[in-house]
Structures are given as C-alpha cells and as structure tokens.
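**Q** Residues in the sequence shown are numbered consecutively from 176, following our numbering.
There's no promise every hint is true.
[Said to hold, decoys possible] List of simulated lysine-lysine pairs, DSSO-like, C-alpha gap at most 30 Å:
(1) Lys220 - Lys203
(2) Lys213 - Lys190
(3) Lys217 - Lys234
(4) Lys220 - Lys230
(5) Lys203 - Lys190
(6) Lys203 - Lys213
(7) Lys190 - Lys220
(8) Lys190 - Lys230
(9) Lys207 - Lys240
(10) Lys221 - Lys203
(11) Lys221 - Lys185
(12) Lys221 - Lys234
(13) Lys213 - Lys247
(14) Lys230 - Lys207
(15) Lys217 - Lys203
(16) Lys234 - Lys207
(17) Lys234 - Lys213
(18) Lys247 - Lys207
These aren't lab readings, by the way, just hints derived from the structure by calculation.
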Amino acid sequence: MNENQILILKSINGKHRSLNAFLEEISKDTRKPISTLKLNAKILKKLGLIDYGEKNHPKPIELTKHGRLVLKILGVVE
C-alpha cells in the first residue's frame, strides 16, 4: 500500500458526492496530480477497499468494511 492509497483511504469522510470532487479536493490540498490519485483510487476499488459509482451510475465514494479494516491495521483509525 503506497502513500497515495493511504491518503485516499484516510480522507474518505462521506462528504463527497463523486470520486472526481473528492480527488480534486485532495489534489488541491496536497498538490498531488489528479491522474495519480485516480489511478490509486481505481486500484483501491479493484482491491475492494473503496467503492464509488461510475459515470452512468453515480454513487458517493465510501470505504468498504475491508477498507476500514486496513486503516485499523495500519493504525490510522481505531
């Protein structure tokens, strides 16, 4: 798990209606390229750690139970 993936996992707070809005905010705050963040978000979704909608089926970005477990194991949340 790389630094960007951990950043994405720990930043999910339920306030974002789309992946793009979420990643744009992180990119603005951290000055990380949005393309890098999108790639890492896709990897996290493929691993089943986060979930978000697609263009035709919008859904807010959220942690899965496996994502919460990973954060707990990493000591990011209790």
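**Q** Confirm or reject each hint.
**A** Structure-based check of each hint:
1. Lys220 - Lys203: holds (22 Å)
2. Lys213 - Lys190: At roughly 18 Å apart (the allowed maximum being 30 Å), lysine 190 and lysine 213 satisfy the hint.
3. Lys217 - Lys234: holds (15 Å)
4. Lys220 - Lys230: Given pair lysine 220, lysine 230 holds - Cα atoms ~15 Å apart, limit 30 Å.
5. Lys203 - Lys190: holds (16 Å)
6. Lys203 - Lys213: holds (14 Å)
7. Lys190 - Lys220: holds (18 Å)
8. Lys190 - Lys230: holds (18 Å)
9. Lys207 - Lys240: holds (26 Å)
10. Lys221 - Lys203: holds (25 Å)
11. Lys221 - Lys185: Roughly 17 Å between the alpha carbons, so the hint for lysine 221 and lysine 185 holds.
12. Lys221 - Lys234: Status holds; Cα separation ~16 Å.
13. Lys213 - Lys247: holds (23 Å)
14. Lys230 - Lys207: Roughly 23 Å between the alpha carbons, so the hint for lysine 230 and lysine 207 holds.
15. Lys217 - Lys203: holds (19 Å)
16. Lys234 - Lys207: Cα-Cα ~24 Å, so holds.
17. Lys234 - Lys213: holds (16 Å)
18. Lys247 - Lys207: Since the Cα atoms of lysine 247 and lysine 207 sit roughly 25 Å apart, the hinted pair holds (cutoff 30 Å).
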